[in-house]
Amino acid sequence: MTGPRTAIKPEGVGARLPRREDDRYMRGRGQYVGDVKMAGMRDVAFVRSPLAHARIRGIEIPDDIRSQVFIAADLDGVKPIRAVSGLPGFKVSEQQPLATEKVRQVGELVAMCVAPTRAEAEDVAARVVLDLEELPALHDMRQAREPGAALVHEHWGDNVFLETFVDIDIASAFDAPIKVSRTISTSRQCMSPLEGRGVVAHLDRRLDQLNLITACQMPHIVRSGLSECLGIEEGRIRIVSPDVGGGFGYKGILLAEEVCLGWLALSCGHPVRWIEDRREQLVANANCREHHYEITVYAERDGTIRGVDCEATVDSGAYSAYPFSACLEAAQVASILPGPYDFPGYRCRTWSVATNKAPILPYRGVARTGVCFALELALDAVAAEAGLPPETVRLKNLVRPEQMPFDNITKKHFDSGDYPEALTRALAAIDVEAVRARQKRGEPDGRRIGFGLSIYCEQAAHGTSVYSGWGIPMVPGHEQAGARLTPDGGLELRIGAHSHGQSLETTLAQVAHEILGVSVERVRLVHGDTAMTPYSTGAWGSRMMVMAGGAVATACKELGERVRLIGAHLLQAAPDDVRLEAGRVVGPAGDLSVAEVARVWYRRPQDLPPDVDPHGLEVTAGYKPVRDSGTFSYAAHAVVVAVDPEIGSVEILDYVIVEDGGVLVNPMVVDGQILGGLAQGIGTALYEEMPFDVAGQPLASTLADYLLPGAAEVPAPRIDHMETPSPYTQFGVKGIGEGGAIAPPAAVANAVNDALRPLGAELLVSPISPRRVVEAVLAARRGSKPNADDLQGRRDAA
Amino acid sequence: MKASRFALERPRDLEEAGALLAGAGGLAKVLAGGQSLGPMLNLRLVEPALVVDVSGVAELRRFDHEGGTLVIGACCTHADIEDGRVPDVGADMLARVASGIAYRAVRNRGTIGGSLSHADPAADWLSALSALGATVEIASRSGRHRLAIGDFVTGALETSLQADEVLAAVRIPMVPETARFGFVKHARKVGEFAHAIGAALIDPERGTGRCVIGAIDAPPLVFPDASVLFGGSIRPGFASEFDRSVADRALIDAGVTDPVARHVHIEILRRAVIQAEGEPLVETRAAA
Amino acid sequence: MNAHVRPPLKAPLSLTVNGRSVEAEVEPRTHLADFLREELDLTGTHLGCEHGVCGACTLLVDGEPARGCITFAATCGDAEIVTIEGLDDDELTAELRAAFNREHALQCGFCTPGMLIAARDLALRLPEPDERRIRIGLAGNLCRCTGYAGIVRAIRSVIAERRDRGIAATVSERPLGPVGAHRPGASPRSAPDRREAASASGIPASAATSVREFTPAETFEQRFSVAFPPERVFALFGHVKEVAVCLPGAFVEATPSPERVEGGIRVKVGPISAAFRGVANIERDEATRRGRILGAGADGRSAAQGEVRYEVRPGSEPETSDVVLTVGYTLKGPLAQFGRPGLVRDVAARLTAEFARNLETRLSGRAVEAEPSAPSGLNPFRLVAGLILGRLTGWLNRIRSR
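Chains as they are written, first to last, in our numbering: chain A, 1 to 798; chain B, 1 to 288; chain C, 1 to 402.
No lab work stands behind these hints, which were simulated from the structure alone. We put the CB at the ideal spot given by N, CA and C, even for glycine. Each hint should be verified, as a subset may be incorrect.
Claimed, not checked - Subject to a maximum C-alpha distance of 30 Å in a straight line, what follows is the list of computed DSSO-like cross-link-like pairs (lysine-lysine): (1) A:37 to A:9; (2) A:411 to A:179; (3) A:79 to A:102; (4) B:29 to C:241; (5) A:411 to A:9; (6) B:189 to A:440; (7) C:241 to A:37; (8) A:440 to A:179.
As the list claims (entries may be wrong) - Some chain B residues flagged as far from chain C (calculated, every beta-carbon gap over 12 Å): (9) 90; (10) 92; (11) 150; (12) 232.
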């Protein structure tokens, strides 16, 4: 397979450079929030609601612990978390950091307990008794939409955060000869980074500043949100996000716990700490992915799509999460459901529904994983109906390279790429014909072979023009980065976003090296601290390399120009005759290093040119791509599975990914992102599910119940890169952080359905658990073979 | 997620352990390797006043052969059995079961006696040892007695152990060379608790056999005379005689009302039977 | 602020950590990972789940990998502990670090210390660089970032390279039994906290005071026949105290009206104890000889709803009755969220069966004796003490009725 292009500079853009951040992690010297110690620090444990929906009648706190327990009434001046969207009709939820009148989800905070150790804080929490009057709980988003349903927020009158509707000539498709309808859904998940959330808060008396060390993806956004909730100016708050053990979207939210600990640190005079445990993470804090689709595809007999008609419901949970709000997910569904395809008719209605569950947050892939699952499964159904191979239907409808750049039916602007080529390469790599032949032969062990495809394009690093339309608390503008040469010739980069596994300490150094030629060894990245970095909306939306990379490049270019001009003076050459090359200023008659220029600026200013730029060797620059409507990376995934219809197990036999992330800064790191995304996608496809009972109780409170894929469950895929540069970004890079997690659920489901289609079974819900497979197979046997063996054909199958 | 407070005792021998337990008035829990009790303590699902850690008791950390019976001290670990420090009762029988339990780091501390005493229906030993016809030896201050596994485990997470009793050893008959053992578990992930377990110990030459369906949220369903599953007698080629309807009826009688679950349980038992017949149809997940 | 918090009971502990002798005082409930992190500042041992699944806390105990989170420090007297910080100069770990870096085997780094310790164990024990066995061997160490590809490649390369150098696979010699568990006696033991039991007073006062209609999440039906006419049998069901006697663990405190009863139920699922106190409504229909006892209770952290439905029909013989008994419940709180509802179901089914047996005995005019094997563990002292000691945080329920 073709690999990425070779880097021109050994440490620059395109180099497979090993990571610089690894060593501290491998020696156990990373510093995560749970590792932070402060003199006099005390631990916090929360009393959380055991019920999904209840009125609080009372909170009984024994006298001997009253001074250690804080309830809503104690939190003077603290305001609720409000994440408002500007979209018309959006209804606002108010989340009290500690619940006041009602609790609306299991795990909602009711009281905060403080003690010298976490164990003792839990002892205190265990003695606080809640008197709750239970209310009917909404555990099903479709029931929540029904008239007469219980109300999560009474004053709304219904449970819909937001309803949207778009119709682009769907009626033109109604006379299509093929019409396929399916009900498709993705189950609720927990993002489950290995490290949970955590907060250490204390008051810096000298600066009269609240220092909040928190495991988060967006420190500057947390500062803004905390400022609003605590009612203190942003300058009095410093947010530090230290080493963070994975984010994936889970840490892109202002937490009620952050507000509580912020208040406590301001009030109590000693540092406080709360470290989320796994049970809190699973049953109380944010979830993701729960989508439900009623989708109809209209097509010609040759597979040409005439139109897609969809009703999509997203279970947003009880509260609108700050800053992304409760509607981002469903609003995205409406705009990205058409995927990488070109067709003329489209209608989509969406509902963001409130239920008595944890708030939903955008998880890696955000709505794309759900829409890809819905559309790609529906397209396989179209292929089956038309009697066509699934690849034929895709190739018929994919946007063609000569159409690029292309504005699709929902006005998404696809920047570049060759989608059919990606699919064609994937088909060749997986050898579809050999797979079909094996499938025809049958397996000696009775398992069934299936082949599945899915293809998507991923809008990434989308900016102002997209987010301003949603009107949520956060709209990204220019991304800023600082670049500063130190007197000894080192380079410091400062970004307001955060790296928690994405390898920015390495890749941004590569970007700087590409521009300035400074050895990667001499580049340091400062991030995760509002006091030391320029503002940024943070790490989300596959935007880091496009935005922070672009900002670092911009800052380094300006810095390089200043270095070049000083260098020209020192080389006694005309500026036009001098260039910056490989970390040196090269003139017609000599050269000198960037470090030598730095030494002159700081230590021998008497040698500087009289007209030197007084801003010196420190630059903060802002960056936006030429168009901020986003880059569109894309990929085709092809998978071969073996399904055991009797016990429902699914084994992945082969997996191929052909992806185009534009120009790759570090192909090793890009592969790492794809592989990690794939593992999470396999989790969505086959393992991960947070079930709820009718009372709104989350039923997976441990990792023995919530199954994260392990090494034995994740395949080793073959990855092929195309590198079509984005015309709009620095270096032509595209965002790729989320893509790996988008396609796998659809590809795997299509493969399972391909395997089971001859049995008459079809699975339309993720994850495809053994239970769901066996149920579907038994139901199909029952339906298709009325005289089937009684054992396999019981009518009372659950 | 921190345990609530408890006191800890580390008795030197079973007599001391028995005295401590008797003196605790039912407020104590016995701790061996702690790989089942540990999570429950951390989750505060269990909050004993006293934990009696028997993991250091020498008598529990040895094995012996008594005639045709292998006697394994309760505190021998899964890893001890996996690695062969504790001998097997047949060719790769106990070792294979042990190597499939949870993860190596858990097997290095988790014990065979602790697993049985915890009596989780989804645990491997409960089903495997039921098929192998094991008994347990129980020690208390008033002496020792033995129980078949079926009498020892009275329900999900329930055993007949009284407050002052400790499971001291597991006694497993050596398996004759003519007998074959099949053990198949159905889990969604490697190391996960099983959703179905099939175990079969069958001696086609003698025409005898015992089969077990485990992980049914209740004590394992044992067919002490497995011939009922094969049309009334066990002969060479028995696997092809496997009668699903007998197993299905037994599962219904055992209260397994869900037909999908029954289908999977029966299928897993069928595969254990095929394995016992010697066909490596189902690759069990050999652990590293 | 903490004037009222009792000092934790600590006991002395001596062990070796990363080659150095450590003498410390430790609470029995403190797990090894917390001890290392909080007392010794060895924060390289991470906590990802604290229930033994994720593997982030994996460390070496007597040279073998073990879970730091479900090994209590106080049970590790005389043990040799090695954490990731103690492997800086370990030759094999250095090879693994180089391979992990080369193969991009880590991203956020949180799983990495435990992963390296598991990898080291595999590199020692696996005879060949077999990918399948490596993947299975890593099952106990979750990584959420890398998709394991680089980790597996790194371990394969280290094993292959070592076997090429003639270093064979080994399983180290060791005594039988849990690693880290040495003969007691070396570390002084703590005494049981008798104050806990002495301060016992009862079930918390807070409890549900209203009863709502509900659809039980689980129901169980039992049928039996008794040699008494239906009207007598139905009359006995009207005496709620008589019924309560038959339901293991149930108790009645007051019957403010014929339609209402106050009380509770104590139940036990294996090692887990729970208690719920609350109220129940009683409904009876003489015409159909059907009735229902519908209750709701709470223990401060969890809540339960339960119902007992009964129907008395004429039996096949004159002067006999057939009884249909249905018990249903719904649980809320930590126990409901403990993902093994099947285990609770098994206990509830047995409890229902026992309830039916006791009712049959009672209806036949005999006294109900608490069976020693009663699943609800009817030793009153044990139950009461269990409640107090449990302080009722995590809970299970089951049925309620009285």
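Outcome of the hint check:
Taking the CA atoms of residue 37 (chain A) and residue 9 (chain A), the gap is near 42 Å; set against the 30 Å cutoff, the hint is violated. With a CA separation close to 25 Å, the supplied pair residue 411 (chain A) and residue 179 (chain A) stays within the 30 Å bound. Distance hint between residue 79 (chain A) and residue 102 (chain A) is fulfilled; the C-alpha atoms sit about 16 Å from each other, no more than 30 Å. Distance hint between residue 29 (chain B) and residue 241 (chain C) is unfulfilled; the C-alpha atoms sit about 33 Å from each other, more than 30 Å.
As the CA atoms of residue 411 (chain A) and residue 9 (chain A) are separated by approximately 38 Å, the hinted pair breaks the 30 Å bound. With a CA separation close to 29 Å, the supplied pair residue 189 (chain B) and residue 440 (chain A) stays within the 30 Å bound. For the hint pairing residue 241 (chain C) with residue 37 (chain A), the CA-to-CA distance comes to about 57 Å; that exceeds 30 Å, so the pair is violated. About 28 Å separates the Cα atoms of residue 440 (chain A) and residue 179 (chain A), which keeps this hinted pair within 30 Å; it holds.
Residue 90 (chain B), annotated as away from the interface, keeps every beta carbon of chain C farther than 12 Å; the closest lies near 20 Å. In this structure residue 92 (chain B) is separated from chain C by more than 12 Å, as the shortest Cβ-Cβ distance comes to about 16 Å. Listed as a non-interface residue, residue 150 (chain B) keeps its Cβ farther than 12 Å from every Cβ of chain C; the least gap is roughly 14 Å. The beta carbon of residue 232 (chain B) is kept farther than 12 Å from every beta carbon of chain C, the shortest such distance being approximately 31 Å.
Violation of the numbered hints given earlier is confined to hints 1, 4, 5, 7; the remaining hints are satisfied by the structure.
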